[in-house]
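Residue numbers (the working numbering), protein chains in the order written: chain P, 1 to 130; chain E, 131 to 232.
No lab work stands behind these hints: they were computed from the structure.
One should not assume that every hint holds.
Capping the alpha-carbon separation at 16 Å, the derived lysine to aspartate or glutamate pairs in EDC-like fashion look like this [what the hints assert, rightly or not]: (1) E:Lys139 with P:Asp74; (2) E:Lys227 with P:Asp130; (3) E:Lys188 with E:Glu211; (4) P:Lys70 with P:Glu117; (5) E:Lys139 with P:Asp72; (6) P:Lys25 with E:Asp165; (7) P:Lys2 with E:Asp226; (8) P:Lys2 with E:Asp220; (9) P:Lys25 with E:Asp214; (10) P:Lys2 with P:Glu33; (11) P:Lys30 with E:Glu211; (12) P:Lys2 with P:Glu94; (13) P:Lys2 with P:Glu117; (14) P:Lys25 with E:Asp220; (15) E:Lys197 with E:Asp223; (16) P:Lys30 with E:Asp165; (17) P:Lys30 with E:Asp214; (18) E:Lys144 with P:Asp130; (19) P:Lys2 with E:Asp223; (20) P:Lys25 with P:Asp74; (21) P:Lys70 with P:Glu29; (22) E:Lys197 with E:Asp214.
One letter stands for each residue in the lines below.
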Amino acid sequence: MKFSIQVNEGPYQHQASDSAYQFTKAALEKGHECFRVFFYHDGVLNGTRLTTPPQDDRNIVNNWTELAEKYDLDLVVCVAAAQRRGIVDDGEAERNGKDATNIAPRFRISGLGQLVEAAIQSDRLVVFGD
Amino acid sequence: MSDLHTVNKSPFEKNSLESCLRLSRAGSAILLYEDAVYAALKGTAVENMIASVAGDRKVYVLGPDYKARGLDESRIIDGVEVVDYAGFVDLVDANDKVQAWV
Numbered sequence: 001m002k003f004s005i006q007v008n009e010g011p012y013q014h015q016a017s018d019s020a021y022q023f024t025k026a027a028l029e030k031g032h033e034c035f036r037v038f039f040y041h042d043g044v045l046n047g048t049r050l051t052t053p054p055q056d057d058r059n060i061v062n063n064w065t066e067l068a069e070k071y072d073l074d075l076v077v078c079v080a081a082a083q084r085r086g087i088v089d090d091g092e093a094e095r096n097g098k099d100a101t102n103i104a105p106r107f108r109i110s111g112l113g114q115l116v117e118a119a120i121q122s123d124r125l126v127v128f129g130d
Numbered sequence: 131m132s133d134l135h136t137v138n139k140s141p142f143e144k145n146s147l148e149s150c151l152r153l154s155r156a157g158s159a160i161l162l163y164e165d166a167v168y169a170a171l172k173g174t175a176v177e178n179m180i181a182s183v184a185g186d187r188k189v190y191v192l193g194p195d196y197k198a199r200g201l202d203e204s205r206i207i208d209g210v211e212v213v214d215y216a217g218f219v220d221l222v223d224a225n226d227k228v229q230a231w232v
């Protein structure tokens, strides 16, 4: 079955990012397909590579990147939410005159249309957040 | 046609579980996870709320979240079924739609 995941909450806030990650991992391990993970609202903060949690804590951003590498996941960050919260890739830095980028490996910034497409193309859309 | 409803907040913090129980249809499945696992405990003020839907809706609780809060499985309300993440995936698979009561 084809799943898509929506994450509306930042990492280390409550538990939504962890739940979304564990669910996605379990679905992939069961042989299901993940069409897309869409990060919206504070969920875009899952996509900054500057995150540096203590060594004995889980690194949620790296967990997503590693899962994406293993299963070729499409991790999409909402552009409008990202601009508000300072998540920047090369294109956004260029467009908005920023002096740095912070997007994590395997994440990309795109629009809300990607969420609509994910909902249409997938058998199930599972939402995690506050 | 069946629905899966997911609830992730404690019923002592928000009224999302109450809304879910009031508006979900007979035949639905309800998964309690994150802080909503407290609703699966026997002897609380919301136990009757869970019991009131036991006849026509199936209630599940996510075991890893329940255990992470130091709760004992012997205190789970009778009829509430414990699932792991793989079971969560199976519930999403088995139901046509997933409604998150965030």
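Hints, verified against the model:
This hinted pair does not check out: lysine 139 of chain E and aspartate 74 of chain P have alpha carbons roughly 28 Å apart, beyond 16 Å. Taking the CA atoms of lysine 227 of chain E and aspartate 130 of chain P, the gap is near 19 Å; set against the 16 Å cutoff, the hint is violated. Note on lysine 188 of chain E and glutamate 211 of chain E: the hinted pairing holds, with a Cα-Cα distance of about 8 Å set against a maximum of 16 Å. Restraint check: the Cα-Cα separation between lysine 70 of chain P and glutamate 117 of chain P comes to about 23 Å, which exceeds 16 Å; the hinted pair is violated.
Our distance criterion of 16 Å between C-alpha atoms is broken by lysine 139 of chain E and aspartate 72 of chain P, whose separation comes to about 32 Å. Between lysine 25 of chain P and aspartate 165 of chain E, the direct Cα distance comes to roughly 21 Å. Violation of the 16 Å bound is thereby established for this hinted pair. Taken as a hint, the lysine 2 of chain P and aspartate 226 of chain E pair is honoured in the structure, with Cα atoms around 12 Å apart against an allowance of 16 Å. For the proposed pair lysine 2 of chain P and aspartate 220 of chain E, the alpha carbon gap of about 13 Å is at most 16 Å, so the pair holds.
With a CA separation close to 12 Å, the supplied pair lysine 25 of chain P and aspartate 214 of chain E stays within the 16 Å bound. Proximity of lysine 2 of chain P to glutamate 33 of chain P is assessed by CA-CA distance (about 5 Å); at most 16 Å being required, the pair is judged to hold. Straight-line distance between C-alpha atoms of lysine 30 of chain P and glutamate 211 of chain E comes to about 21 Å, which puts the hinted pair past the 16 Å bound. For the suggested pair lysine 2 of chain P and glutamate 94 of chain P, the alpha carbons sit about 35 Å apart, so the restraint of at most 16 Å is broken.
Distance check on the hinted pair: lysine 2 of chain P and glutamate 117 of chain P sit about 13 Å apart at the alpha-carbon level, within 16 Å; holds. Pair hint lysine 25 of chain P plus aspartate 220 of chain E holds up; C-alpha atoms about 13 Å apart against a cutoff of 16 Å. A hinted pair counts as satisfied when its Cα atoms are at most 16 Å apart, and lysine 197 of chain E with aspartate 223 of chain E does not qualify at roughly 24 Å. The suggested pairing of lysine 30 of chain P with aspartate 165 of chain E is violated, with an alpha-carbon distance near 26 Å, which exceeds 16 Å.
Between lysine 30 of chain P and aspartate 214 of chain E the alpha-carbon distance is near 13 Å, which keeps this suggested pair within the 16 Å criterion. Restraint check for lysine 144 of chain E and aspartate 130 of chain P: satisfied, since their Cα atoms lie roughly 11 Å apart, inside the 16 Å limit. Taken as a hint, the lysine 2 of chain P and aspartate 223 of chain E pair is honoured in the structure, with Cα atoms around 9 Å apart against an allowance of 16 Å. A threshold of 16 Å between alpha carbons decides the hint, and for lysine 25 of chain P with aspartate 74 of chain P the separation of about 14 Å falls inside it, so the pair holds.
A threshold of 16 Å between alpha carbons decides the hint, and for lysine 70 of chain P with glutamate 29 of chain P the separation of about 11 Å falls inside it, so the pair holds. Our distance criterion of 16 Å between C-alpha atoms is met by lysine 197 of chain E and aspartate 214 of chain E, whose separation comes to about 11 Å.
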